Amino acid sequence: MSTPFYVSPQQAMADRAEYARKGIARGRSVVVLQYTDGIVFVAENPSRSLHKISEIYDRIAFAAVGKYNEFENLRIGGVRYADLRGFTYDRADVTARGLANVYAQTLGTIFSSAAEKPYEVELIVAEVGPAPEDDQIYRLPHDGSIVDEHGSLAVGGNSDQINSYLEQRHRDDMTLAEAVKLGKESLARDNNGGEREVTADQLEVALLDRSRVQQRKFKRVLGSQLRRLLGEDESSGSSDSSSDEDSSEESSGEGSEE
Amino acid sequence: MEANTRDTGRLPTAFLTPGSSSFMDFLSEHAPEVLPGSRPLPAVEGAVQAPHGTTIVAATYSGGVVLAGDRRATMGNVIAQRDIEKVFPADEYSAVGIAGTAGLAVEMVKLFQLELEHFEKVEGSTLSLEGKANRLSTMIRSNLGMALQGLAVVPVFAGYDVDREKGRIFSYDVTGGRSEEVGFTAVGSGSVFARGSLKKLHRDDLTEEQVCTVALQALYDAADDDSATGGPDMARKIYPTLTVISDEGCRKLDEDDVSALVRTMHEGRLQQPNGPQAPLT
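Protein sequences, first through last, are from chains Z and G.
Sequential numbering of the first sequence, starting at 1, is according to the working numbering.
Sequential numbering of the second sequence, starting at 1001, is according to the working numbering.
Just chain Z, same shape as in the assembly (with noise of 0.2 Å):
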């Protein structure tokens, strides 16, 4: 029988947690960003199924990166949660803030046990409020930490760059398209400050919009309406597709910051 190693506690902990982050970077990122009607999420994903955002509640949706089978469970735990809560007090006492808080205790619980392997997942939960100043956006790293967040904010695999990216071009009162077009371009940078093609047909859009009359506020952007909203749309008219020609310069002039 061989002799256990001493392992300092901060080594354990600093091993676990490269190991959780290791498992993150190799996935494609998600980026949330606030526009005057709610908040809408972007994500690189090639699957037509598979989500990577999801509707949580009325209010609340769910974006995650990382391994799928981890943040899938985490996501139906999340509806269990919200459902079980709405159901037994009111729709209303169903907050991103309780949730947030359920998630980060149970990624704590999970990164800080030695008997589980630490969840290599990333979440975001954001609810929208009736005005933007009442949104809210909670960051999950895999340590079950909360980070409160405003604007935008990018998790996943490259988003140092795209938060850098985004911080400078992101402004509260984007309409919906702008937004869209902002979260397609800083999902196209590249480790090295390059730039790569992203289409639509690679894009997971969903919104939380606060002006649905339905009190479901999420909605998934699909198809020729996120065409559209992109200006990809060949049957748009030439307005749409000289935006977009400057915000690819735009792109293009950044890419030497890095």
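Simulated from the structure, these hints should not be mistaken for lab results.
Among the clues, some could well be false.
Unchecked claim - With a straight-line cut-off of 20 Å between C-alpha atoms, the simulated DMTMM-like cross-links for lysine to aspartate or glutamate are: (1) Z/Lys-219 to G/Glu-1248; (2) Z/Lys-219 to G/Glu-1120; (3) Z/Lys-219 to G/Asp-1247; (4) Z/Lys-219 to G/Glu-1092.
Claimed, not checked - Some chain G residues flagged as far from chain Z (calculated, every beta-carbon gap over 10 Å): (5) Pro-1018; (6) Ser-1038; (7) Arg-1082; (8) Thr-1175; (9) Asp-1205.
If you're wondering where the values come from, they're calculated on a predicted model, not measured in any experiment.
Where is the CB? At the ideal position from N, CA and C, for every residue including glycine.
With chain Z held as given, fit chain G onto it using these hints.
Relative to the frame of chain Z, chain G by itself:
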């Protein structure tokens, strides 16, 4: 019980255990005490006095289906509520109307709505109309114990079948037995009178406005002969509810539209108290 847990604050194991997409299955595993069907029943003598809802009418038309409900809840011979709502949207393309013990029925509808929504969120797709109708069957069946004590809930379920592109109606008995109705049906204490009226007035090729009028006429006839069904309350401006489900989804008619239809019908009834007459040949 409450999700935000007893000890650690993390999601309990049951929440993270892969399993069925049904919210009711999850509840029966994790929190059986909140399910209406699994509550212990006290021994009681005779029927329990609780508000009852009464007549619901469902009828198809060329573009979908309409569900109409009167607004009266009774407790014995007392009118318990004058403006109760008995028709609820279940999801985008379906709605459920309830007759029976109001408190339990409303709770059942809430659970049914959540069941459909939960499935939709977990699976990323909606149940078929048939699937929804079957889920409702299961829920009524789980209420059988209470039904035998006089706390029965009898819903009628109607929806637009997006695959078959038409409106469909399902009716139930207290044991959860389900049957699909062709054209129209009615449930509740005034249903016999409503059904008689519908039989004479309903046709397959009605427009949305016509089918709404037919439903209102049937409710009027039900209220005419059944004391537990409320007619349109012109003085208080409390009119029946009309919920239309078409390929555009489920929509409750607003008060102005219903008021206009009710007033036209009422004018007619002032001339002909028994309402429109079917041809004799």
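Cross-check of the supplied hints:
1. Z/Lys-219 to G/Glu-1248: Roughly 16 Å between the alpha carbons, so the hint for Z/Lys-219 and G/Glu-1248 holds.
2. Z/Lys-219 to G/Glu-1120: Holds - the C-alpha atoms of G/Glu-1120 and Z/Lys-219 are around 13 Å apart, at most 20 Å.
3. Z/Lys-219 to G/Asp-1247: This hinted pair holds, its Cα atoms lying about 19 Å apart.
4. Z/Lys-219 to G/Glu-1092: holds, 13 Å
5. Pro-1018: violated, 7 Å
6. Ser-1038: holds, 14 Å
7. Arg-1082: Given that every Cβ of chain Z is farther than 10 Å from that of G/Arg-1082, nearest at about 25 Å, it holds.
8. Thr-1175: holds, 25 Å
9. Asp-1205: holds, 31 Å
The earlier numbered hint that this structure contradicts is number 5, and it is the only one.
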